[in-house]
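Participant: With the hints as extra help, turn the sequences into a complete structure.
Read top to bottom, the protein sequences are chains F and X. Using our numbering, the first residue of the first sequence is number 1, and each one after it goes up by one. Using our numbering, the first residue of the second sequence is number 424, and each one after it goes up by one.
Keep in mind that the hints were calculated from the coordinates and are not lab data. Keep in mind that a hint or two might mislead.
To be verified - Which bits of chain F does chain X cover? Going by a derived footprint, with three or more residues having C-beta under 8 Å, they are:
| # | region |
| --- | --- |
| 1 | 46 to 59 |
| 2 | 86 to 94 |
| 3 | 120 to 131 |
| 4 | 137 to 148 |
| 5 | 228 to 239 |
| 6 | 286 to 294 |
| 7 | 358 to 364 |
All C-beta atoms in this analysis are idealised placements derived from N, C-alpha and C, irrespective of residue type, glycine included.
These are the residues of each chain, in order.
There are 2 protein chains.
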Amino acid sequence: MDTKTNPEYVAGNGLIHRRHLLGLGLAGIGSMAAGSVFAADAGMLSIPAWSKTPGNGPSEYGAPSPFAADVKRLAGGPSATAPGSGVSRTPLHLLRGTITPNSLHFERHHSGVPAIDPAQHRFVIHGLVRQALSFSYEDLLAYPMVSQIYFLECSGNSGANTVATAGDTNAAAIHGLLSCAEWTGVRLSTLLAEAGVTDAAAWITATGADAASMGRSIPLSKALDDVMIALYQNGEPIRPEQGYPMRLFVPGWEGNVSVKWLTQIKVADAPAHFRDETSKYTDLLPDGKSLQFTYPMGVKSVITSPSGQMKLLRQGIHEITGVAWTGHGAIRRVEISADGGRTWADAHIEAGQQHLALARFRLPWQWSGAPAILQSRATDSSNNVQPGRDSWMAAYNPANRYHYNAIQSWSVSAQGDVKNVYA
Amino acid sequence: MDTKTNPEYVAGNGLIHRRHLLGLGLAGIGSMAAGSVFAADAGMLSIPAWSKTPGNGPSEYGAPSPFAADVKRLAGGPSATAPGSGVSRTPLHLLRGTITPNSLHFERHHSGVPAIDPAQHRFVIHGLVRQALSFSYEDLLAYPMVSQIYFLECSGNSGANTVATAGDTNAAAIHGLLSCAEWTGVRLSTLLAEAGVTDAAAWITATGADAASMGRSIPLSKALDDVMIALYQNGEPIRPEQGYPMRLFVPGWEGNVSVKWLTQIKVADAPAHFRDETSKYTDLLPDGKSLQFTYPMGVKSVITSPSGQMKLLRQGIHEITGVAWTGHGAIRRVEISADGGRTWADAHIEAGQQHLALARFRLPWQWSGAPAILQSRATDSSNNVQPGRDSWMAAYNPANRYHYNAIQSWSVSAQGDVKNVYA
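Facilitator: Okay, structure coming up:
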């Protein structure tokens, strides 16, 4: 088949088989050409100023181009009632790939970022252990470590889409409390083995050194599984806003339990019922009761391009791309619809996806200029399928803002404007 | 077996079976304890100043802790004869994991970093094609993309160890022209398909927009395989010193061919024999002849901790860790010796290693306080084995500085001082 003239449609409203993902030149299929034919006499190879003089030399710690200054976190300032509290959101719609640069990893603080001198910081393990232990930062650096790429998502991520009317905002504003990095640190199980957990132990409770004393309880079984004391983020020491000099990292679970600026772990026989696991981070149900300790993040995906507040400037082929993740293993499948869920086609998932890490998906789409509704639906290795918004909303109280993982719908108008909608 | 008292030795001079990697508390095996026993009345849980007041709120683009300011590139300034030329090296010995943060990715410039306005930049494909094409930055953003984690290594990396006397320097100074990132961009094959390569084509030649007009020739077969026009690095737009707004990325091959600030690709029937593939980046042989176009980087590894100019402050268990890579596939095996190559033990390679990306390896080692020589030896999926220094040196002219991939030896003195040695 000549793919230049006959793309193989796999679902309604222009979705094209993913085998054409890389083979399709954009010029062929009725699109306005992306690359334009080059005439040697057009003067386009005239030598720009920056090619005529030597540029700056090397530097010790690099920074982005000034021309990329819009690629930044969407930061909400502290409030008067909670100084230092706030969030910043990863600009998902401006990123491509799966790794989040450290400077763009989302933040959520309950009392700001403490400026910790690692030489003065102590981390203590105590409670139901044979011997309580105290660790300096230097102490921990001497322990065996592990490295793994993991996503981290705030429990309240995407909560904006639980309100009655869909806000006209972008992917960062809705879904940007989500990031992915390579985390390196000491397995908590290594340290607990040294402290000697006693038979009565069933939970650990972890507390941070921030002024909010953020604390969370975690079942011992998870603590002994894949939890680490993270010391490095994408290779370098973790950033202050991520818990420098050390944080708990609890793979696949709501971000709040990965306690930052970790200062103590108490081994206990029951959860501590901290403020942040009673007044917050519980899931309100339709009958007024709440679910507590609902840790793993649900299977989820979001199309990051095209996405809210973008504009399609031409008809023809566009790449639909986004990220998918699950707290229950790996992403097995991402389907895409361009007709509001009537028909679906499998997206291509980039190879090399790690367990409990972001997956990048892509599918070519031929936009005819007609209105469209773009959606993605993820399925994970535990056979969980991302729910539609209606079924998610029916399972919770309308006031609940946590663990929203419903399908995101973006509408595309005939003018190419992309908007957040409920569909 | 009680691993607390009887570690399972697997090779001479204290190497311990990797199955003990995470299970070993450091306190057990005759070491000075890393974590110290905590007495509740010792006052170590006194509340530090940073826990008493709210910290700073969220920010738009984060930065490292001031206490981690030593984690920076080792940057060499431009010379008087070559303004803007120079290098900066990744601080491998201060990083853990496999991803290099963008701010710490190594640099090699031949005429500095051009400050390119992407709106004014053009990339042209011409030569033996059906139609020459010109692309703006915005044009390229519309094409289908791929994302993959790849190492990048300068051909001259580790050349410092080809000189007659081993320099007393650190891992960054010797091996720091090596980094690893997730690169996202448009496959060159996609664009070449649109341009229409003619039957006579056998090579491409790529040229950058820097004042040095850095150019390199690449066989068409590689260009049509995994080469991309990279637009994103660890998710965000590539950094100025990495070629913003676009660079060629040639996986597994010497870094110099991944031409930065890419402005044109000419499809040709022969290589261009650019200055940088004749006067430089050729491998001088013992008989005075040179090898040209020796692109793939050899199988290689380096222990990053302990490494040159570090000091072991106590006897007992230390984690030996480092990185391994190959331009011929994936790393299959890393062996470690603590006795200068007499006996070897298999290191643990962290799961999830990608093809043509860094692998992180680790092995516990019990240092008795006696002198030791630490070495690592990598084997790749194509059965290439990292050579010893003597055999590598015998294969080249003593003046050759390219493609040095011999085994690195670090000596540890009775005082714990770690030094670069030839052994």
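Participant: Decide, hint by hint, whether the structure agrees.
Facilitator: Cross-check of the supplied hints:
Three residues within the 8 Å Cβ limit are the bar, and the region 46 to 59 of chain F against chain X gives 11, so the coverage statement holds. Under the rule that three or more residues need a Cβ within less than 8 Å of chain X, the assignment of the region 86 to 94 of chain F holds, with 4 such residues. Counting residues of the region 120 to 131 of chain F whose CB lies closer than 8 Å to any CB of chain X gives 7, which reaches the minimum of 3, so the coverage claim holds. With 9 residues carrying a beta carbon less than 8 Å from a beta carbon of chain X, the region 137 to 148 of chain F meets the three-residue requirement, and the given coverage holds.
Residue count for the region 228 to 239 of chain F with a Cβ under 8 Å from a Cβ of chain X: 7. That meets the three needed, and the coverage hint holds. Only residues whose beta carbon comes within less than 8 Å of a beta carbon in chain X count, and the region 286 to 294 of chain F has 0; fewer than three means the coverage is violated. By the rule of at least three residues with a Cβ nearer than 8 Å to a Cβ of chain X, the coverage given for the region 358 to 364 of chain F holds, with 3 such residues.
In the structure shown, a violation is registered for the earlier hint numbered 6 alone.
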